[in-house]
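> Residue numbers (our numbering), protein chains in the order written: chain A, 1 to 338; chain B, 1 to 338; chain C, 1 to 338; chain D, 1 to 338.
Hint data in this document are derived by calculation from the structure and do not stem from the laboratory.
Please note that the accuracy of each hint is not assured.
You can't tell identical chains apart in this list, so a pair holds if it fits in one copy or across any two.
As the list claims (entries may be wrong) - Dumping the calculated DSS-like pairs for lysine-lysine here, alpha-carbon to alpha-carbon at most 30 Å:
| id | residue 1 | residue 2 |
| --- | --- | --- |
| 1 | K63 | K305 |
| 2 | K70 | K305 |
| 3 | K176 | K195 |
| 4 | K70 | K325 |
| 5 | K84 | K176 |
| 6 | K328 | K47 |
| 7 | K195 | K305 |
All values reported here derive from a predicted model rather than from experimental measurement.
Number of protein chains: 4
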Amino acid sequence: MVIILNETAPEIEVQELEQFLSAYNVQIKPTVGEHTVIWGLIGDTSKIDLDTLLTYPCVNDVKRIQEPFKAANRKFHPEPTTVKIAEGIEIGGGHFQVIAGPCSVETEEQITEVARDVQAAGARLLRGGAFKPRTSPYAFQGLRAEGLELLLEAKQATGMPVVTEIMSAAHLPLFKDVDVIQVGARNMQNFELLKELGKQDKPILLKRGLANTIEEWLMSAEYIMSEGNQNIILCERGIRTFETATRNTLDLSAITVLKEKTHLPVIVDPSHATGVRRYVESMALAAVAAGADGLIIEVHNNPQKALCDGAQSLTPGQFENTMKKVEKLRNFMISEIF
Amino acid sequence: MVIILNETAPEIEVQELEQFLSAYNVQIKPTVGEHTVIWGLIGDTSKIDLDTLLTYPCVNDVKRIQEPFKAANRKFHPEPTTVKIAEGIEIGGGHFQVIAGPCSVETEEQITEVARDVQAAGARLLRGGAFKPRTSPYAFQGLRAEGLELLLEAKQATGMPVVTEIMSAAHLPLFKDVDVIQVGARNMQNFELLKELGKQDKPILLKRGLANTIEEWLMSAEYIMSEGNQNIILCERGIRTFETATRNTLDLSAITVLKEKTHLPVIVDPSHATGVRRYVESMALAAVAAGADGLIIEVHNNPQKALCDGAQSLTPGQFENTMKKVEKLRNFMISEIF
Amino acid sequence: MVIILNETAPEIEVQELEQFLSAYNVQIKPTVGEHTVIWGLIGDTSKIDLDTLLTYPCVNDVKRIQEPFKAANRKFHPEPTTVKIAEGIEIGGGHFQVIAGPCSVETEEQITEVARDVQAAGARLLRGGAFKPRTSPYAFQGLRAEGLELLLEAKQATGMPVVTEIMSAAHLPLFKDVDVIQVGARNMQNFELLKELGKQDKPILLKRGLANTIEEWLMSAEYIMSEGNQNIILCERGIRTFETATRNTLDLSAITVLKEKTHLPVIVDPSHATGVRRYVESMALAAVAAGADGLIIEVHNNPQKALCDGAQSLTPGQFENTMKKVEKLRNFMISEIF
Amino acid sequence: MVIILNETAPEIEVQELEQFLSAYNVQIKPTVGEHTVIWGLIGDTSKIDLDTLLTYPCVNDVKRIQEPFKAANRKFHPEPTTVKIAEGIEIGGGHFQVIAGPCSVETEEQITEVARDVQAAGARLLRGGAFKPRTSPYAFQGLRAEGLELLLEAKQATGMPVVTEIMSAAHLPLFKDVDVIQVGARNMQNFELLKELGKQDKPILLKRGLANTIEEWLMSAEYIMSEGNQNIILCERGIRTFETATRNTLDLSAITVLKEKTHLPVIVDPSHATGVRRYVESMALAAVAAGADGLIIEVHNNPQKALCDGAQSLTPGQFENTMKKVEKLRNFMISEIF
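Only chain A is shown next, with the shape it has when bound in the complex (with noise of 0.2 Å):
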């Protein structure tokens, strides 16, 4: 940690901060300037509140060095983490996985023949809402309790894994069989339920914030961490600007800063980033040429009929024919460039 001082602090102010720093067992190292004196603190800093050294007068600005996030760090886990999802479906560390489905989960019917669908296009996990988070009470909340049993039939008629969000901690005992829970992103700095998360032995799929840093995104990932689940998916699915031509703004870098900042997996929603069913395959492949370990794509076997989000889902033919290009482009990424 750095801690620049200002060039004019009297010596009593000075000796306030040395007596408050000498509580955090860190040597001194300053360093004279023409104009200021910085110092140089050296051993654990991680327990000095930034915020709190601000308050000192003589303080003018301060630096972390070290980056805040421990589990996550690429520094201290070199490898890439896989995400064991079921037998013989595992999320980074090479490889790369699709999840689909619909929005939220409607019927029975739906649900199976949609899981179906998707399933002989390639995908490997099923999606499907039971607890939608809706700006609007007025608006379809899901079925809740009952969307996930339809879900869970949907896994038992196909064999797919299933992947759902959570909005609750009350209601993790309704997740039991779920395969992956979902948190979305408004959730994503809902700090109890991450670290309920953190308890669970299941995988969790973290989307970003609408808002959210990168560094922020992390610490998140850290919060589930810190408690214990390592086995966290991360999912860029746009954040939110000024541009109106698109739901969100993709942030496909995101995948590569990750990619150099954590061992985590990195996924990619083209669907809530756009809302745009035509934009969807063109952000999908791009996705996948950035370097993302996965997709997940809404599709549904009748998007006009949807209650929710149908102008961003896919239909079940459509997917079909992004699917192909989809593996054929991870194919020839990982012959030809990566």
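Following the hints, position chains B, C and D against chain A.
Same frame as chain A, now just chains B, C and D:
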């Protein structure tokens, strides 16, 4: 609701759309232009999903005419709502209050001392965090249940009603004697929590999310109100932008927009918005001039020892000074301007 | 155009609006709902100012149905535009090009050496800044006229057409032998400059502004096109968001949106978008997969001695390596995917 | 300047960096920690490019300690600057002024009538656009040279100094009798224009760019000041965010930040910031309470006939009403608060 059709839509596609709409008991009134056909829908369109309409290939665009919030809407409730917190302590409808206290409850002495100080300076409500949402799992997480107890002791000692943040509906039993329950920015769209708070009979202080629009914020209020609880205080606390000189960008125009759109009271948190103690007072005064119904300000008896957010906390002396100006300005605004 | 009237508008106010509209030779087709009246306007509404309509007290909202760009609009020009830069060097309409070179021209040796290197690696156009827009007046401002001369010497030495940025229409005489004139992000809405460039007969490379929407970007292209010059290459170079891990956030979905809305070619600048050399290659590949018509990449023979933007420049060796992958991927996309 | 080295940097890479720095006549003071080495650089580091340093593989991060603006910096010029516009009309250093007038000059009657109205209401400077930056080339572009003439006639008729926007340095001869030259938001980083304005002896009103930080804004002021012209008035006019209820998000905390960082006066434009007439007054009052040195407000004698931005223009009657409140509040702030 207005639907704009594609100029080249074949008749068969238009018929499909008509069939879909026939289920909603609305009347279609077409306007035929040179290049477009516009449909005005007459009747209750609140159940029709915009996204679904957009999936019809013949649909170019859809525009909802009515605002999606009802309970919070000033159109249907022109009188401003007054939220009663305790005997003689109200917010909204002409009643202005300052809420003050430390970011987090640390010790009995600390919270009680700060409580007496801010009370003496004119604050009528005491704030203090027991459950603290922190970006890092390694940062101080608040004293939690013990912190609530200390806060309630300070309430007893001073008679001040208390405001404190909830992070999970599972903690509700601990909040029995809390006067106002705060929902933090990161939980503004924690819909399961909002629904539970809608069943409580306590006032809710609902902070704006880091990157949420005013309309989304009102929809979150609507979640609480639609479950029964009408006592909501909105709190503007800054939004996330590219600017780095302040922690967030305080959006004071939100006050004016909200006064037009809703009957709910609106207060401002200049401490979290700026993140810098030196900027708090001027933003507090600007908020008063803009017509805010109150302020929430961080005060710590020893900011340099604060366990969180010390850099933005005022000392009791600074707070007293700011309070004098706030009161003078508020009185002037009432007598001369509003 | 659709005008939504206030439900409570008195007759006299509505008559004023009718009178205003009578000057525009449009027909009003009203749709009367339960709570609102909607007017569809039939005829040429392009001259009617939205802002003016909003000043009428009886007007609740206005929605333009037609897109405001015409010359750039794919609807009226379905075939993609091919911009011809030199004999055998075209961009768009199936032609893909890589533009490469240093951020700024520094010496004859530097620019000629880099030109030969990037040419050998497969780039067909040479970039090099002579006039440099820098945030600080104390930073290196480019070699200006002398830099242009050195760039043109490199053109002669290698036969590569050159791309370089203009910062003022007053400098146009110096750009006589430049092949493509670049408008930088900060000048995307320098409308006087755009108008002058519209009178030139050279291709214009128009970068997206730091915080501009895709529609605003197309309107800036429209400024150039409406003066006569139709040879415009759009360049996505990242937009400003709250994220700090990259210099800007590369918006690759803009490629897909633009391919739908306009016939103009679109290229991507992964160097300025990320600001980090290590992230350039993966974003270049993602851009190719998303369907970009080209790339512009910074290359410096000695990044550590670069007078600007060294941190994002590739070495010639790195560029050669990236080019091989870009070419392989582009060929694969053409033969297997597009 | 502080350089943080990579912990694993080989000696040879560190020597290269030392060699690079040896050219700058700075002294290196190393601090050796457990995992990192930090170098404090002593001496004049203003010529060292941060980007170049980051290209050295041994460099992990670099932090500049001194602020990059000098002429505008309050540290080196503690007294606030007073910009003198005409005899008895000053802005800054305790002098507060309201600038008012229409978005664009339309006819002699219009501009002269509005001038008389706003003068009668207490405005001391007249604004009126002759050169209008419009997103669309098909929108009204201002009366240009003819508009300037009409504006100067209104100046003669009323004696009010005039403020009007310049869009190209080529137009400077037309601005001979203009009192204050405005640089619009879109030209804040039109550096060639700024340099030319630095050679003029007229006050410059420099608006903040749509998506520019406060530091970038001060660097643009620095461009003007470094060429000689010290008479700059900064104008906050809202920044671009995801919020859509207002045209932009007015950043009033910028006033407080600027008062700390610079000696230049700061005024606020609530008309462009909100884009909605009904929100102008409350933001004008908030700006006064926050300590602004002035306001610039759009007033039109017939907003419904305005050729641009009518929706945000006050009528003369509304302006008179707002002015009374602004004056009362300003007097109160001076006598009781500041």
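> Determine for every hint whether it applies to the structure shown.
Status of each hint after checking the structure:
no.: 1; hint: K63 <-> K305; verdict: between (53 Å within a copy, 19 Å between copies)
no.: 2; hint: K70 <-> K305; verdict: between (46 Å within a copy, 26 Å between copies)
no.: 3; hint: K176 <-> K195; verdict: both (17 Å within a copy, 24 Å between copies)
no.: 4; hint: K70 <-> K325; verdict: neither (37 Å within a copy, 34 Å between copies)
no.: 5; hint: K84 <-> K176; verdict: within (17 Å within a copy, 43 Å between copies)
no.: 6; hint: K328 <-> K47; verdict: neither (49 Å within a copy, 42 Å between copies)
no.: 7; hint: K195 <-> K305; verdict: between (37 Å within a copy, 27 Å between copies)
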